Every structure is written in structure tokens, then in C-alpha cells.
Amino acid sequence: MNDETLSTLAELLPGGGIDVYLRDFDPAFYLAQYPEVAESGLDCALHYALYGWKEGRDPSPDFSTAFYLKDNPDVASAGIDPFWHYVTDGRNEGRAGLPPAADMASLDPALRAEINEVRDHFDPAFYLGAYPDIAETGADPLIHYMMNGWKEGRDPSPVFSTSFYLKDNPDVVDAGVNPFWHYVTDGRKEGRPAAPPSPDLAMLDSATLAELSAVSEFFDPAHYLRTYPQVAESGRDPLVHFMVEGWKSGHNPSPAFSTVFYLENNPDVARAGVNPFWHYLVAGQHEGREPLPVETPAKCPVAETPGPAETAPAETPEQAEAPHDPTGPHHPGGYRVQHLLRQLPLEETVGHWTRATPKQARLTADEIVTALRTAAGARLAWLILSVGHDDYRTNPGGIQVCIQREERLAAERGAVYVNLHPVQPLPRLAHAGADDDPLVTLVANGATLGIAPTSALIAATATLRPEAGRIDVVIHQMLGHLPERITELVTQATPDARCWLWLHDYLTICPSYALQRNNIAYCGAPPVGSNACSICLFGAERRAHATRMAALFDALDVHVLSPSQVTADIWTATSGLTPASLTVCPHMTLDWVARPDPRPVDDGPITLAFLGTPVPFKGWLIFERLVRRLGQNMRFVYCGARPVDLAGIEHVPVHVTADTPDAMIDAVAEQRIDLVLHWATWPETFSLSCYEALAGGAHVLTNPVSGNVAATVDRLDRGAVLADEEALLAFFEDGRAAEMVDRIRARRAGHRIDHALSDISLAALEPQT
Amino acid sequence: MTIHAFTSFSYSYLNRARVLARSLRAQHPDWVIWAVMTDKEPEGFAFDLEHEDFDRLLTAQDMFGDQTDGWLFGHDIVEACTAVKGRASVHILDEPDCDKLFYFDPDIGVFNPMTPVVDLLDDFSIVLTPHQVNPEPQSDMVAIRDNEIASLDYGIFNLGFLAIANDDEGRRFARWWEDRLQDWCHDRLDLGIFVDQKWCNLVPCFFDNVKVLRDPGYNVASWNLSQREMTFDAAGTALINGQPLRFYHFTKLGPVGDVMTRRYAGQNVEIYELWRWYREEVDRASAPQIPRGWWHYGTFDNGDKIPKAARELYRDRRDLKAAFPHPLRTGRGSFHEWMGRETEILSATGDERGFVPA
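Protein sequences, first through last, are from chains A and B. For the record, in the first sequence the residue sitting at position 353 is 353 according to the working numbering, with numbers rising by one throughout. Numbers given in the working numbering equal positions in the second sequence, counted from 1, plus 1000.
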């Protein structure tokens, strides 16, 4: 958890207790229960504190938010986080976090047996829907019905009427037994009716009866009675009601079908006067007709991850549709269209990212000077100013790893390494006029100095310049910054207005830094005035963005560093910017060294793996489809932190951290992975995970759009670049994969693979000293 | 040579018309763009050409004078905004500098220059775009019904677009169209007519120099998406079946349009991107002062909505037209009062036929 999350929590939960709050909060439970929270990018505990408890979510299996608020009206009326109240005060006062006696184990054995006998006939969804007071308590609906509900005249399912059964069967009343249990075990065999006879059924004509039987399986009586309580009150059979008159009144037979929508959109059905639900089931669905309206674009603000967490297009992948979403409507256009429908206009996204300006004191220029002199010790021999977009110490991602490594290498060389990143993250550059002097967080040699307006750092740099042996500015990422201020910083810091700029992504070309048109498709950076830009949600912003980047390149001597040749080529062809120099500096190099004692050649089924985050833009859906198509004779492994749930895939948990940088390489090697699917949908500028796959002894399968992934596969001849999914499948089915795996295994037996990380900017900076 | 273009709409479609005008202006800064307006401004809103991408305004009142209220009373909003297209064409062709005239529906967005059609008008007098230019496969019954049979019902050419050369044949067509729309611009499929559109099935029979434009880049819409695929080339140009996308007809913005797009765009993500753009542009172009569903000619002067049955009665009865030349009026001696006395039209509820603007 980062400092910002902690400080936000501290604001939300004044008076302490955060330690115990976080200790008892169960993030794994929370994410498992509410997977959509992961998409929000918010820390789980922060999500619960901000929204979760208000939405009735539970922070752990041991605490029911709904129950606690109902059981403790003082807490509810105070409007405070109930879980925080519970962990700090409530439980010490003897208040319960869960409803009592909710478990089977505590029940009388006879009752337990009755419960088990009726379980298959009980409709919990109906019960909770019909009796929201029970739902609110969090009680088990079946236990509730069997213990109390039947005595209160409640019904266990839409087809059994407790009060009718008791009224119709005085012997059951006399026996004092549970009427539903009686019906299930005896009554129905004896032909006793479960509910009042429907007066309607006899009136139906044979055609309607035939239609009724055709739709009955898909009709949701519980939903119908819940939605149209007047039908429930009338005591009429819900299905008969729907077939005779409900559909004509626009009633919906289930949550999955909209009667009004279907009739509006299928005028031929409306004209024919037939039951639309029946029409849909027997004909419409096979003709491609829609049962429900299209999803409307998301207008509801969701907490989003501010700023790119990786060198990949964070906005696209991190919020992309989860691979498995059984509840969500599936758009025929696929996950990309579903993602597109959730896109907001760029400035609305900015609005959702915008937070209150922190109240903490701003560092002055003098304070920054003093702090940096102190950090330097005797004399400030070398100061490196590193421009980033987020807190690289806590956020995962390729850029962040580079900055961490660069910071460590700088320290080894005696430099003071100062990273500045915006206090207010933005999905674009900061706008002059809105904020002419953005606040930045300053981190010196890994320790937070504080926050300051960019101008204070510029002034401090000007003060330090005469005494500093050398000052360099390295621009890693400028999202959230004002490039005009960065220009000023470089001008003040260096005598020749020189800086270094990394092409970790394509932000110098477009605010959509992975060149994703509308956040869903690689665009190739066409001209700003093109059709593609004009319909892209970044198009309008890109016009001013391009002008401002050009001004920065005009004002400064920008030495561009590219992690790969392919990126340098794309950038040169499309940016329109003129650098002082352009150097290719790969982050990692690989070396195949012959083993003096070759090890045995691996055998067993071909092992295909997916590394990293299982999101569609990296090809996870394609991986899933391969598993389904090729499952029989192959082994499938997923190496990464996020649990996946698909039969046939082995999950190998892997967490790459600063302390375990080789965890992925080791996992690939240990699992004897032959092939890794890396199906990037944008031209990756380097792709550490591709190199990790190769360093672990695997080959990589990718597509032509994947930038340095495809270039590396081609250059090293370790893998295959396949045109599309069809070509990928053919690669496996026509035997080429098997041939390649034989070669891989032979090579792996005879060679060890050494990998070496680069010195990031230091390699380029040092010759200047 | 000056090229004129117009669109016809009421204030409830101003947002869409603005998007059209802006997109057309971007491609053709030198064209004269007309707003043909069958409406009057709602209170609190002023239409000011100074702040619009339109150059000129032509209102129904300008074209029909004292007859406006009586003639428009026989039309619902769609009938009215299409019925004026004939007279507007004649009016603009009479402009001394007008060499070529284009019509675009307000719910169209222009993406690339219309120059090929401008050039066609050197050789042809009338350019029409069919709803479909490729037949559906025999096995796709739904597409045949949605697209081809719908075209047979509603007209084979889409009159969301039309280009006319200001020559003899072009003017002869405009006058004929004006005549027909004067009397017969109604949504009466039972009679075989559908507003201004179905009449144009007859154009290739009545007129020479008619160009049926089969380039897939024109008038792309849900009714032909089944046969059209959108891509972008490396320069970012939108292509339809490999040809530049000239204009897209964003018909039925809302759930119905979404359904047809989903049915026929399938996985062609670029089409959904166009729609995303269009929704956002229309949102941005909306004037909050215009009440939802506003149409000056949609209500009597007391604010009551005019039932479709009242319009039909009025337009079919010459005696009523003669007796009540100002049918929007209410009170003593009005058509409104007469209907209340002699018919049950005003007391009937649920008369929601006809188009209700969003």
C-alpha cells in the first residue's frame, strides 16, 4: 500500500485504528467476492472505506456490513464505516460482526435433516427477493424459512404457498410440522396441491398452451412476481399471467428479456401480434435478434488507476473486460467494443482522476536546496533529475523498474538521484492555464522529500547549478507534467539545454501513449488531421499535445534513448520531432552459452505458457481459446500473480519484485516451458516479459503488431511471428509447433542462457563526464 | 462555381445538424451551407448564424408564407421536415451563384471530400445513393427482410442524400419533387408512399442523366453494413470496402440504431468507434435551452400536443382547411374547438403514432 492510499485512509478513518483495520481486512476475500474492484485499480481496503460499505459489501468473511448496520442503528445513523467501528470499538463492546447461529452445525439434528430434505426444492433467490428484510440481515434464507419463515407465512418458492397449504391441510397444522417439508416428503406424493389452483390455465386455448410450454423453462417466476407485485397479490400463476396479458402490458418474463424492447425493435413481430418472448425463443434468437437493449456508454464514474502503471497502455488493458464475466452482457463486437462503450470523453476521465489538492506544506526552493546538499554529503558532484509520471517505488511496471534500477546505479556512482512525479496524476499532459505550476512529489535517492510546485525545483536547480559538478535531466515519462515547465527545468539545470528522453512509450507522439485509437486498437500514429484521429477520444488533445512536444524539442537538445530499434524506427517515421541524437539502448541482453555437460533433453507434452497479467490486450482470450482447441495433448501454464480459473491451465504464482527480479525467468525455466504466447496489440518498445521468456529457455509466439516482441523473435530466431489467430492455430495443428519444440529442447539441453540488465540512462550519461 | 448544400430539420435535431455542418465545413470550407428549418425557436433559445457552421437559414415560413401553418398541420414532424425539401431545392437552385446543390440528412457525418460527386455533376443531373448496392445472400432471411424488403417498402434510394446539378434536368426534377411533396409527403405505406423518399423510385423513369452511385463509401448506414466493412489505412483514412468513407448516416441515434449496428457491424470495431464519436459530438452540440422533443408545429397554441388523427382529418378535408386556415389556434371558432365538439380525437389517449423526436 502506498503513502497516498494510507493518507487517504487516514482521512477517511480519523482517530487511528488503521493498522487493525488493515490487519483484519481480507483483500483476497474482497477481490474474490467483488472482482470488478480489481478493475478499479483501487486498493481493496480503500475501495471498501470509500464505497464498499455504502454498497453493502463485506470486508471479510467474518463481518457482515448489512447485518452490522442493521444490528447497530447508532453506527448506521452516525454514517461511519461499520467495519472500522467494529474493529476499533464494536467488538470490544461485545457487538457481533455476523448474525448469530447462521450455520448448520449449531442446529438441532432433526431440523438439519429436514433442511437437507427440502434443500433442492427451496428457491433462495426467490426468498431473498421476495423478503428483502431477510436479505438485509444476511441470514441463510433456507435456515430462516425452516426456523421462522414458515411460521410467518412466508413462501419458500414461487410454486409453494405456505398459507394455502396449511389452510388446505388441517392435519399438517395439527401435526405442527413444517408444511413445506411435509409437502416435499409426503404431500406431493399424495397429490396434495402446493398452491391454489390457477383459474387461468383452463381458459387458455391450445395454441397459447403450446407456447406456454415452450417458454416455461426460460420464464423466471420469482423475477416476475418480484417485479410485478400486483400479480403476486392476485395469487395468479405468473407464467399464465405473462402469456395471457403480461406481455401485452410490457411485462418482462425474465431479466434476460425486454418485452418492450423486442417489440419496438422487431416491428414484424409486433405487427404479427405474437407473444414476443415465445417468438424470440423459437425463432428470433436464431435469426440474430436481440433480447435486450445495447449497453449504454458508461457515465457512472468509477475509481480508476490514475496514470499508466506499466509501459503498456494502462487505460486500455487494466480496465478491459475481464476474460470471464458470466454476468456481463456479451457484445457481439467482442471485448474491445465492450471496452469502447465504457470509454469516457478524455476530459471526463481527467475529472474522475482529479483529487483535492493535498494540504501538506510545499517545499520551498531553499528547502529543496538544503535537502539536496544534505543528500549529497560533502559536495554535490552529480545531480540527476528524473522525470516520471507516478511513484515508481510502489507502482508496478516497466518504466518503474527502469527508474528503480537507474536510481540504484546512480547511487553506486555517487550521484544524487531526484525523481519528480506529479502529485495529481493525469491521463494527458497538464494544461497550461488550468495549472501553470503543477505540484510534484520529490524523491531523493529513494526517500520522499515532499511536494513542491515545479517552479520551486526549477529555482533550486538554478541555485545549485554553480556548485554542482554536473546536472543531468532524464525524462522517462511526462504524463501529468507541464512540458513548458520541464523545458524551463532543463534550461535552468544545464548549460546547453540538454536532456535525455526515453521512448518507453509513444507519449511524445500522442497522449494515447501506446498509440491506441480510442483505447482499443493500434493506430500507427497517423497524421493529426486524419479520420482516425478525428474520431479518436485523444484526437482533439493530440493537436495541442503535438505542438507542445514540438516546442520542447525545438527549445532543448533532446537526446532520445530508445529501448529497441523498432521503436526508434516507428518514432522517427511518425513523430515529426528532431532529436539531438537517437540511440538504441536495450534494457536486457541475452547470451546463449554452451553447457560443458549437456543435460538430458526434456520430454513430455508441449508446454505453452502465458506470462504476466491475464488481460485481453496481451492475448489472454486467445490463450484461453488455444487451451480449449488444443487441450488434449498439451500442457498449459499461467505464470503470474493474478489467479485464473479455467480448467486445463496450471497456475504458477510468480511475483517479480525488486528483490526477486528473476522470478519470472526462474519460473519459465523450472516449469520447462517451451513456448510463450505474447500477443501484444501495440508495438511494445522493449517487452521485458518477452526477454524473460527467452531467458527462461522458451520461445515466443507473437503477431506482427507487437513491436519489439516480433522484432526480437525474428532477430534471435526464437519463436514465430504469426499473422493472426488463425495462423497461430495452424502453427500448432500442422506440426510446426512440435518441430520448433524439438529444436528448443535440444538447444536448451546444450545451452545455458545468460541475461544482463543494462545500466538504463547511466550507460548514455557516463561518457559525458 | 459555387456549391450549395442544405439539410432540413427542426430544433430538436439541431445538435445533429450542427455535427453535420461542422463535418461538412471541415471538408469543404468554401461551400454555402443552408439550414432549412421547419420550426420556431423555443423561448430562451436564439439561433444565430454568427455562431453556427451554417451560412444561411431558410425557414418553412420563408417558403410557404401564410400557408405555412395550414399546410404543415397536415404533417407530423418527419413528414414536415421532408416535405419542405422539394421547395427548398427549387429555392436554392434559384440562387444566382448556385451551380450544384447537395442535400444531407441532419444525422449524417461527412468524413472525406465529396469531390467525386461534385465531378459527377458535370456529367449527370441527379445523383442518388441506393440503400443497398450488393444483394444479401439467399440464406440470410433476416438481412433480406431488414434491408432489401425494407427498401422495397420504404424506397430503394436513401433520400438522406441527394445531389443536383443546376441544369435543365436537375431543375425539372426539383420542380417535380416539390409538386409531389406538396401533396403527398406522408408516411402512408398502405398507399405505397413513404414521405419524400419513395417518390424517388420513379426518378430513373422520369429523368435522364441520373447517376445511381454504387461506391460503398457513400451513405454507409445500418441498412447496408451487412455488406460493408470499415478499416483505417496507414494514413488514418477511414475506408469502406477499401474506398474512402465519404459520409456515414447515423440513423436512429439510440437503442434502435444500436441494435441494428450490433446486428450488422458484428465485430467491425471501427463502426462502433464512429458511433462513439458521434454520440460525443452530438452531446457537445446540444443546446440545453431546447426542450426535449421541442417542435413548434407539434402543439396547438395552448400547448396541447396535436394528435396524428387531427392532422389526418385536416389534410383530407378541404372544407376544414378552408374553414380553419390557422389550425394551431384554440378557443372560439377554432379547428381545435370544432374537433372538441364534433369528434373524439382530442379526448382519445394513447395516440402516439408518428415520430416522436428524442
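Fair warning: there could be bad hints in the mix.
[As the list claims (entries may be wrong)] Some chain B residues close to chain A (C-beta under 10 Å, calculated; not the full set):
1. Val-1133
2. Asn-1134
3. Glu-1136
4. Gln-1138
5. Met-1141
6. Leu-1239
7. Asp-1304
8. Lys-1308
Rather than coming from a laboratory, the hints here were simulated on the basis of the structure. Remember, it's a predicted structure, so these values are computed and weren't measured experimentally. By construction, the Cβ of each residue, glycine as well, lies at the ideal position given by its N, Cα and C atoms.
Now for the hints, and whether the structure bears them out:
1. Interface hint status for Val-1133/B: violated, as the beta-carbon distance to the closest one in chain A is roughly 21 Å, over 10 Å.
2. Checking Asn-1134/B against chain A: minimum C-beta separation of about 19 Å lies over 10 Å; hint violated.
3. For Glu-1136/B, the suggested interface contact is broken, since its CB lies about 13 Å from the closest CB of chain A, more than 10 Å.
4. Interface hint status for Gln-1138/B: violated, as the beta-carbon distance to the closest one in chain A is roughly 15 Å, over 10 Å.
5. Taken as an interface hint, Met-1141/B checks out: its beta carbon lies about 7 Å from the nearest beta carbon of chain A, inside 10 Å.
6. For Leu-1239/B, the suggested interface contact is upheld, since its CB lies about 9 Å from the closest CB of chain A, less than 10 Å.
7. Because the closest C-beta pair between Asp-1304/B and chain A is about 26 Å apart, greater than 10 Å, the hint is violated.
8. Because the smallest distance between the Cβ of Lys-1308/B and any Cβ of chain A comes to about 17 Å, over 10 Å, the interface hint for this residue is violated.
Checked against the numbered hints listed earlier, the structure breaks hints 1, 2, 3, 4, 7 and 8; every other hint is satisfied.
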